[in-house]
Every structure is written in C-alpha cells, then in structure tokens.
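These protein sequence lines are chains U and W, in that order. Counting along the first sequence from 1, when you hit position 42 you're at 42 in the working numbering, and nothing is skipped either side. Counting along the second sequence from 1, when you hit position 80 you're at 80 in the working numbering, and nothing is skipped either side.
A couple of the hints might just be wrong.
[As the list claims (entries may be wrong)] When the alpha-carbon atoms are kept at most 25 Å apart in a straight line, the in silico SDA-like pairs for lysine to any residue are as follows:
#, chain 1, residue 1, chain 2, residue 2
1, W, 512, W, 321
2, W, 84, W, 206
3, U, 68, W, 424
4, U, 8, W, 297
5, W, 393, U, 36
6, U, 2, W, 46
7, U, 8, W, 390
8, W, 246, U, 21
9, W, 239, U, 17
10, W, 285, U, 9
11, W, 522, W, 84
12, W, 246, U, 36
13, W, 239, U, 35
14, W, 285, U, 5
15, W, 393, U, 45
16, W, 393, U, 9
17, W, 245, U, 21
18, U, 2, W, 251
19, W, 285, U, 40
20, U, 68, W, 262
21, W, 309, W, 84
22, W, 335, W, 610
23, U, 68, W, 389
[Claimed, not checked] Derived, one-sided and incomplete: chain W residues facing chain U with beta-carbon distance under 10 Å:
#, residue
24, 102
25, 215
26, 219
27, 247
28, 250
29, 258
30, 389
31, 610
32, 611
[What the hints assert, rightly or not] To give a feel for the contact side, a few chain W residues facing chain U, derived at Cβ under 8 Å:
#, residue
33, 67
34, 71
35, 96
36, 99
37, 254
38, 261
39, 293
40, 339
These are computed hints drawn from the structure, not numbers from a lab. Idealized CB from N, CA, C, for every residue including glycine.
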Amino acid sequence: MKSLTDIKSGRPAVIIFIHGGRGAQHRLCELGLLPGERVTVLQNPGAGPVTICVKGSKLSIGHGLAQKIIVREE
Amino acid sequence: MAAKGKLTVGLAGNPNSGKSTIFNNLTGAHQHVGNYPGVTVEKKEGKIVYKDYEITFVDLPGTYSLSAHSEDEIVARDFIIKEKPDIVVHIVDASNLERNLYLYTQLQELEVPVILAMNMSDVVEKRGSKINYAGISRLLGKLVIPTVGNKNKGMDELLNAVIDLHEGKIRIEKIGVDYGEEVKSEFDKVTAGIKKMPDVPKGYPLGWLGIKLLENDSWVTGFIAQLHGGPAILLEAEKSRTHLKKHFSDDPEVIIADRRYGFISGVCTEAQTRSPEERHDLSDKIDKVVLNRFLGLPIFALVMYAIFKFTFTFSEPVVGWFETFFEKAGELAAKVIPEGLTQSFVVDGLIGGVGGVLGFFPLVLFMFFAIAFFEDSGYMARAAFVMDRIMHKFGLHGKSFLPMMISTNGCAVPGIMASRTLDNKKDRLITMMVTPFMICGAKLPIFALFIGAFFAQEQGANMMFLMYALSVAIAFGSAWILKKSVFKGETSHFVMELPPYRIPTIQGLLLKMWERGWLYLKKAGTIILLISIIIWAGFTFPQRETKEGEGKEVAAAVQMEQSFAGRIGKFVEPAVRPLGMDWRGGVALMAGVTAKEVVVSTMGTIYSLGEVDPEEAEPLKEALQKDPSWSPLKAFAFLMFCLIYLPCFVAMAVFYRESGPSLEWTLFLIFWTTVMAWVASFIVYQGGRLLGFGG
Numbered sequence: 001m002k003s004l005t006d007i008k009s010g011r012p013a014v015i016i017f018i019h020g021g022r023g024a025q026h027r028l029c030e031l032g033l034l035p036g037e038r039v040t041v042l043q044n045p046g047a048g049p050v051t052i053c054v055k056g057s058k059l060s061i062g063h064g065l066a067q068k069i070i071v072r073e074e
Numbered sequence: 001m002a003a004k005g006k007l008t009v010g011l012a013g014n015p016n017s018g019k020s021t022i023f024n025n026l027t028g029a030h031q032h033v034g035n036y037p038g039v040t041v042e043k044k045e046g047k048i049v050y051k052d053y054e055i056t057f058v059d060l061p062g063t064y065s066l067s068a069h070s071e072d073e074i075v076a077r078d079f080i081i082k083e084k085p086d087i088v089v090h091i092v093d094a095s096n097l098e099r100n101l102y103l104y105t106q107l108q109e110l111e112v113p114v115i116l117a118m119n120m121s122d123v124v125e126k127r128g129s130k131i132n133y134a135g136i137s138r139l140l141g142k143l144v145i146p147t148v149g150n151k152n153k154g155m156d157e158l159l160n161a162v163i164d165l166h167e168g169k170i171r172i173e174k175i176g177v178d179y180g181e182e183v184k185s186e187f188d189k190v191t192a193g194i195k196k197m198p199d200v201p202k203g204y205p206l207g208w209l210g211i212k213l214l215e216n217d218s219w220v221t222g223f224i225a226q227l228h229g230g231p232a233i234l235l236e237a238e239k240s241r242t243h244l245k246k247h248f249s250d251d252p253e254v255i256i257a258d259r260r261y262g263f264i265s266g267v268c269t270e271a272q273t274r275s276p277e278e279r280h281d282l283s284d285k286i287d288k289v290v291l292n293r294f295l296g297l298p299i300f301a302l303v304m305y306a307i308f309k310f311t312f313t314f315s316e317p318v319v320g321w322f323e324t325f326f327e328k329a330g331e332l333a334a335k336v337i338p339e340g341l342t343q344s345f346v347v348d349g350l351i352g353g354v355g356g357v358l359g360f361f362p363l364v365l366f367m368f369f370a371i372a373f374f375e376d377s378g379y380m381a382r383a384a385f386v387m388d389r390i391m392h393k394f395g396l397h398g399k400s401f402l403p404m405m406i407s408t409n410g411c412a413v414p415g416i417m418a419s420r421t422l423d424n425k426k427d428r429l430i431t432m433m434v435t436p437f438m439i440c441g442a443k444l445p446i447f448a449l450f451i452g453a454f455f456a457q458e459q460g461a462n463m464m465f466l467m468y469a470l471s472v473a474i475a476f477g478s479a480w481i482l483k484k485s486v487f488k489g490e491t492s493h494f495v496m497e498l499p500p501y502r503i504p505t506i507q508g509l510l511l512k513m514w515e516r517g518w519l520y521l522k523k524a525g526t527i528i529l530l531i532s533i534i535i536w537a538g539f540t541f542p543q544r545e546t547k548e549g550e551g552k553e554v555a556a557a558v559q560m561e562q563s564f565a566g567r568i569g570k571f572v573e574p575a576v577r578p579l580g581m582d583w584r585g586g587v588a589l590m591a592g593v594t595a596k597e598v599v600v601s602t603m604g605t606i607y608s609l610g611e612v613d614p615e616e617a618e619p620l621k622e623a624l625q626k627d628p629s630w631s632p633l634k635a636f637a638f639l640m641f642c643l644i645y646l647p648c649f650v651a652m653a654v655f656y657r658e659s660g661p662s663l664e665w666t667l668f669l670i671f672w673t674t675v676m677a678w679v680a681s682f683i684v685y686q687g688g689r690l691l692g693f694g695g
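Input sequences plus hints: build the corresponding full structure.
Right, dumping it as structure tokens:
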C-alpha cells in the first residue's frame, strides 16, 4: 500500500481511502479528495507538504496528513 | 421618488473566487466593517441605491463548504438561516467550476433564492475553453450571470438580475442533488421525524437539518439535541447512519460529498468544453520555482525583504512631511496659547504624544499596501506552504503562519483569534503564546523611531529587517522550547488551497490598506489620546515651585523626576539599569503595556516637557539623538526589550479568553515574556559593552 507521500512529483494516483480522524477525513472529502478520485502530485519534496492537483485546483497537504491518504499509483 | 423597498443580498463564495473584488465593485467606498455577533469573524456590509431599491450587500466569509468545520462556515450559514437575506449571490470562479460549485450544492439546500455570478469568465475564454452559461442555468434551474470582477464587467447585469428575481420577473427552479435511493430513503425518515417536532424555530429548512444529521454535523446535532423530542430524532439518525455505513461500507458524509461532486461533475461535463490541460499553465511554472525545495525559502526571505525595502524607501519623505507638520503645529500652538498648564497640555500632551504616533501613519499605510499586494497575488498561501516544513521542526503548524503574519505589522489581537483555525488545543496554545512576539503595527513606530534616530539612513531598512528576523527567531525558539517542555505531543494536520496567481487590482489594494489604516487612526484618536493625557498628567503633577536661582532647564528636569510618573520610573530604575535604561525608559515601557504605540507617545511627552522653549520644539527623533544618555547600543537593548516583553492589555485579555479562559496560561505568558525580554536585553547591552560597542 502506498500513501500520497510515496508518489513522485508529476505522477498521477487514484485515492483508495483516507484513514485518520473523522474531521480530517470529511474535510478532505469536501475538498474533493474522495475514494476513486484521480489526482496528480505536482510537488513532493520528500519532506514537508505535498502539492496535488485535484478537481482542477491545487491543494497543499501537510506531510503527516498526506501519509494517511492511501493511493494506488497509475 | 420614494424607494420601492429594501433588499438584503448576501455574497457567498470560495476563498479566492474574487468575491471581495465584486463586493468592492458593487458597493464602492460605502462599506462598513464590523463583527458578526459573538464571534470574531469580520462582517463587511455596503449599501447602495439601484433602480429605487436600497440594497444592502453583506460579504459572507469565504468558504469551501457549509459544514461546521470552522467558525467561518458556521457564520456564513447562520447568516443565511437567521437573517434571511432576500437573495444570495454565489460568486463562482468559473475557471475552477467543480470545486466552486460544491458550495452551491449546500447553498441551495438552505432554501434561499440563489443567483450564480460566474466570475473570471475572461480567464476561461483566454484558455480556449467555453462555458455554456445557458446550459448551467438550465441544469441548476438558477440565474447565471458571467462577470469579470477585476475589470468591473457584468455588475449591472448582476444588479438587474437581483431586482428581476426579487420582483418575480424571473422564476427559478429547485433542482437538488440526487443522493440516490438508499440515502434518500434514510433522509426521508429523518426529515419526517424532524417535521413532527413541535419546537423547531421558524426559518430552519427542515431538509437541510435532515441532511446535516446524516452527515453527523456537530452543530446541528447539538441544536437538535436541545429541542423537545430531539434525543429520539438523534437516535433515529444514528440508526440511519449505521444502516448507510453498512450498505456503502463508508461513512455517510463521504457518500454525501461524493454524490454532490457527482452532481456537479454532471453539470460540468454538459456545460463546459475543456481544452486539455488548460489550467495552471503560468501558475505551475511560477510554483515550480517558488515552491522549489531549495529556492522556496530564499525566495520567501526575498519577498519579506522587498516588503521592508518598499515600505521604508517610499514612506521616508512622507513620514518627514508628517513630522514637520506636527512640529509646526506644536510651534503654532505654543505661540497662540499663553504659557501655562493649557499650553503644556496641548503642546506636550496632545501634540507631543499623539503626534508622535500619527507621524508614523504613512509608514504603516505603505506596509499594509505591500502586504495586501502579496496577499492578493496569491503568494501568501505559498508562504504558508514553504514555511510549513520549518514550522513543523519548531513544533508549530503550517497554519500558525497565518496568525503570525496577521500579527506582523497588523495586530496580535486578530492574530491570537486566528489561531482558532488550528484544531489541536496544544498547537493553538503554542501559536497563541508566540504570536505576540511578532512586530505588530503598534510596535512598528517604536522601531522606526529608534532606528531612525540611532542608525544611519542607509542601514534603516536592514536594521528593520534584522529586527523582524529576530522577532521570528524568538517566536520560533520559544515555540521549540514550549513544544519540548510544556506541550509535548503531535502536531495536527495542514490542508490549504494554492490559488492561481493573479495580478491584484489597485482598487482592492487601496481599500484593504485603508481599512487596516483606519483602525490604526481610530486607535490613535481614542485610546492613545486618552493614555497620552494620563501620561502627561502623570509627569505634570504634583506641580512644584521653581526654586530661586534655579535654571529653567534644571527646573523642568526636576519637575519630571519628582512627578508621579517620575517617581514610578525611579522606583523601577534599578531593574532596568543593567539593560542600559534610566527611569524614563522604565516609565515608557510600563506605559507601553496599555498599547505599544504609547512607548513612543510617552517618549514624546517626556522630551517635549523637557523642552524649555516649546516654540523651538524639535522632532522627537532629533531630541533622542541629542540626548547624551542614549547610544546606539542602548537603543538596541531597549528595542530588544520592546520586541519581547509582555503584550498589550487588549492582547492579554484576548489571550486569556481564547486560552480557555485560563488564568494560569495568562500568568505564564506574562512571566515568560518578561523574563525573556530582560535576559535578552541584558545580553545585548552587557555583551555589547564587553565587545566594546560603547556604553
């Protein structure tokens, strides 16, 4: 299983699920990070936040939270 | 002509959708800024008259959703439910339809007439995509008006739509999200239960309450629980939730969000032709550099430096004019008013005190302008991103950047309040503890005054930058210590949208600058004025008789030393002497706890009272330069103390309230800042002397 932090810059991925508190999960869902959604990792510097493109806009997600987003690499 | 009536129109929209620009276009300068009752979220209103209607526009907080995740979201939906605006205009960033329409799906559940303003429609065209506005209008059953906020296009069409809809010339339909069979049947059950409740206050859309219960919305759950028959409904809702969870093997709120996005996606595919990979072309290129692992931080430092360079270089002459103005005003007052207490009151108390603070007004305005520029261009979101990694190392949070930024050149009070966006209590307390270390708009004049007086002009911006860097270092260092000692534990999460870069509009920047500047002026005209009078009285009374043979200068000096304020200063002098200060520094610092600008106004009063001939009054800066008891090293040690020591009364009161309220944490803050300030100032002064930088 890979998390968002394992995806290299420029690569697409599909979200499988998000574990973590209910609040965090719901917040991410409302921002479009839903299971099955295809996202593109724009910048993953290895440390610090990961920037992704989802639903046509850019989101920056803290490293800890990004680790909890489980994805499948395309 | 009699007015046809009054209309209230709420403006809703995502952050960065161009909502404020449209609000500014619609209302011009007729704005009123206040707070929503009971909360600290800013409420902006503007009134205009259009086609015989008096229309009040209310700018709702920018949100992505209307759940109960943040105070902004609760405020926005509360306004719609409780104040029942006649119409809500939803400002949509047409170049980012999917994300923006998510808010729409929830707005329409609140059963309020909605008009969609498709903003930035020019950006869409430029990219070569097309939006079929009539198609969206048909699919959503609502009015859709294309607008270009930053070019002031489409405003008349928008206003006409508001009036036509109000007069019933246009009909809108209700087309809601299809949540699917399973969710719908559970929703019907819960809503039917709510319908039977006898005491649901009027105006609450029952269907909305139903869907929110299925989403397990914390606020709505609490609200229903208080009502008669509420607990039974909650039990019912919980049953429905369990059922849905089993059926979908996912939380109902995830399914509901999924259905909403599904609905939007349907609308978008039908009404939008996309050119492939259209978005983020230029923004992407800029971000590749700005967010680069190695370049990100140097660029951030450069931007901050640019803000200071801009502020100090361009405000310099204007600050000079202001100084001259107050100097001349003092001289004139001294000529017109006969010598005595009244003259001293006007010249030394009012002009010397408040004038000293107002002299820096242009500087503050320039600073606000520069910051607004980087905010509106989209850089500040990147700054939080770049800073997140470092913030984490020091036990802070990417979002802590915002309170600290608000406090820098702004005010620690909204800064402390902005800490509420942090979910974790420990993170919030740490952020609140270190936010007051930043150089706020009130501390700025102190630094400007002393740096101007004791350091060469070319070095001004550099010295100032050094002070800002020190403030950040102290804040981070404190956070690190606090995280290692008092607040052990994990830091919480960080999510943030990075909006596309945009060129800010001049009107928007000027309005922002003026709004914040006005607060500064208001403070100078009220609280600072009041305290200046008290300080003047403190130095003037008790009055003493001039002894025979005593020179005027000696008399003035002795009078000050033996006054109430002077005696207090003498009392604390032993504590501040090792820091290179005398009793005057002590008094100014103590007075500064009421509001930090007062450090400057107190100095102004002290030096103005010391002037024997008020008609020859010189600016405070020159008076300080000429005073042999000051030196650059002493000035630096003094600034060090000002940088760190306890926040002003208002900030402490807000800290007390926001920390729990907790008296222990507030006392801890006072103790912590005072000790740190003394130690740092001591090291600077005594260390500097040892290194031979003079006394």
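Results for each hint:
For the proposed pair residue 512 of chain W and residue 321 of chain W, the alpha carbon gap of about 24 Å is at most 25 Å, so the pair holds. Distance restraint check for residue 84 of chain W and residue 206 of chain W: the Cα-Cα separation of roughly 15 Å lies within the 25 Å cut-off, and the hinted pair is therefore satisfied. Note on residue 68 of chain U and residue 424 of chain W: the hinted pairing holds, with a Cα-Cα distance of about 17 Å set against a maximum of 25 Å. For the given pair, residue 8 of chain U sits about 21 Å from residue 297 of chain W by alpha-carbon distance, which is consistent with the 25 Å threshold.
Among the hinted pairs, residue 393 of chain W with residue 36 of chain U is inconsistent with the structure: their alpha-carbon atoms are about 33 Å apart, more than 25 Å. This hinted pair does not check out: residue 2 of chain U and residue 46 of chain W have alpha carbons roughly 50 Å apart, beyond 25 Å. For the hint linking residue 8 of chain U to residue 390 of chain W, the alpha-carbon distance of about 21 Å falls within 25 Å, and the restraint holds. Of the supplied pair hints, the one linking residue 246 of chain W and residue 21 of chain U holds, its CA atoms being roughly 19 Å apart against a limit of 25 Å.
A C-alpha spacing of about 24 Å is found between residue 239 of chain W and residue 17 of chain U, which places the hinted pair at or below 25 Å, so the restraint holds. For the proposed pair residue 285 of chain W and residue 9 of chain U, the alpha carbon gap of about 14 Å is at most 25 Å, so the pair holds. Our distance criterion of 25 Å between C-alpha atoms is broken by residue 522 of chain W and residue 84 of chain W, whose separation comes to about 32 Å. The suggested pairing of residue 246 of chain W with residue 36 of chain U holds, with an alpha-carbon distance near 19 Å, which does not exceed 25 Å.
Restraint check: the Cα-Cα separation between residue 239 of chain W and residue 35 of chain U comes to about 24 Å, which is no more than 25 Å; the hinted pair holds. Pair hint residue 285 of chain W plus residue 5 of chain U holds up; C-alpha atoms about 22 Å apart against a cutoff of 25 Å. Between the alpha carbons of residue 393 of chain W and residue 45 of chain U the distance comes to roughly 16 Å, so the proposed pair stays at or under 25 Å and holds. As the CA atoms of residue 393 of chain W and residue 9 of chain U are separated by approximately 23 Å, the hinted pair is consistent with the 25 Å bound.
The hinted pair formed by residue 245 of chain W and residue 21 of chain U meets the criterion: a straight-line CA distance of about 16 Å does not exceed 25 Å. A distance of roughly 22 Å separates the Cα atoms of residue 2 of chain U and residue 251 of chain W; the hinted pair therefore holds under the 25 Å criterion. Distance check on the hinted pair: residue 285 of chain W and residue 40 of chain U sit about 16 Å apart at the alpha-carbon level, within 25 Å; holds. The suggested pairing of residue 68 of chain U with residue 262 of chain W holds, with an alpha-carbon distance near 24 Å, which does not exceed 25 Å.
This hinted pair does not check out: residue 309 of chain W and residue 84 of chain W have alpha carbons roughly 47 Å apart, beyond 25 Å. Of the supplied pair hints, the one linking residue 335 of chain W and residue 610 of chain W holds, its CA atoms being roughly 18 Å apart against a limit of 25 Å. Straight-line distance between C-alpha atoms of residue 68 of chain U and residue 389 of chain W comes to about 17 Å, which keeps the hinted pair within the 25 Å bound. Using the Cβ-Cβ criterion of 10 Å, the hint placing residue 102 of chain W at the interface with chain U is satisfied: the shortest such distance is roughly 7 Å.
Interface hint at residue 215 of chain W: satisfied, since its Cβ lies 8 Å from the closest Cβ of chain U, which is below the 10 Å cut-off. Because the closest C-beta pair between residue 219 of chain W and chain U is about 13 Å apart, greater than 10 Å, the hint is violated. With a cut of 10 Å, the hint placing residue 247 of chain W at the interface with chain U is violated, because the nearest CB-to-CB distance is about 15 Å. A least Cβ separation of about 7 Å between residue 250 of chain W and chain U falls short of the 10 Å threshold, and the interface hint therefore holds.
Interface hint at residue 258 of chain W: satisfied, since its Cβ lies 5 Å from the closest Cβ of chain U, which is below the 10 Å cut-off. Nearest Cβ of chain U to the Cβ of residue 389 of chain W: about 3 Å, under the 10 Å cut. The hint holds. Taking 10 Å as the C-beta cut-off, the interface hint given for residue 610 of chain W is violated, the closest approach to chain U being about 54 Å. Checking residue 611 of chain W against chain U: minimum C-beta separation of about 55 Å lies over 10 Å; hint violated.
Taking 8 Å as the C-beta cut-off, the interface hint given for residue 67 of chain W holds, the closest approach to chain U being about 7 Å. With 8 Å as the threshold, the beta carbon of residue 71 of chain W stays out of range of chain U, its nearest partner Cβ sitting at about 14 Å, so the hint is violated. Hint on residue 96 of chain W holds. Least Cβ distance to chain U is approximately 5 Å, under the 8 Å limit. Below 8 Å, beta-carbon pairs count as interface contacts, and residue 99 of chain W has one with chain U at about 5 Å; its hint therefore holds.
Checking residue 254 of chain W against chain U: minimum C-beta separation of about 5 Å stays under 8 Å; hint holds. Because the smallest distance between the Cβ of residue 261 of chain W and any Cβ of chain U comes to about 6 Å, under 8 Å, the interface hint for this residue holds. Hint status for residue 293 of chain W relative to chain U: holds, with the closest Cβ pair at about 4 Å, below 8 Å. The interface hint given for residue 339 of chain W is broken, as the beta carbon of that residue sits about 65 Å from the closest beta carbon of chain U, more than 8 Å.
In terms of the numbered hints stated before, the structure departs from hints 5, 6, 11, 21, 26, 27, 31, 32, 34, 40, listed from lowest to highest.
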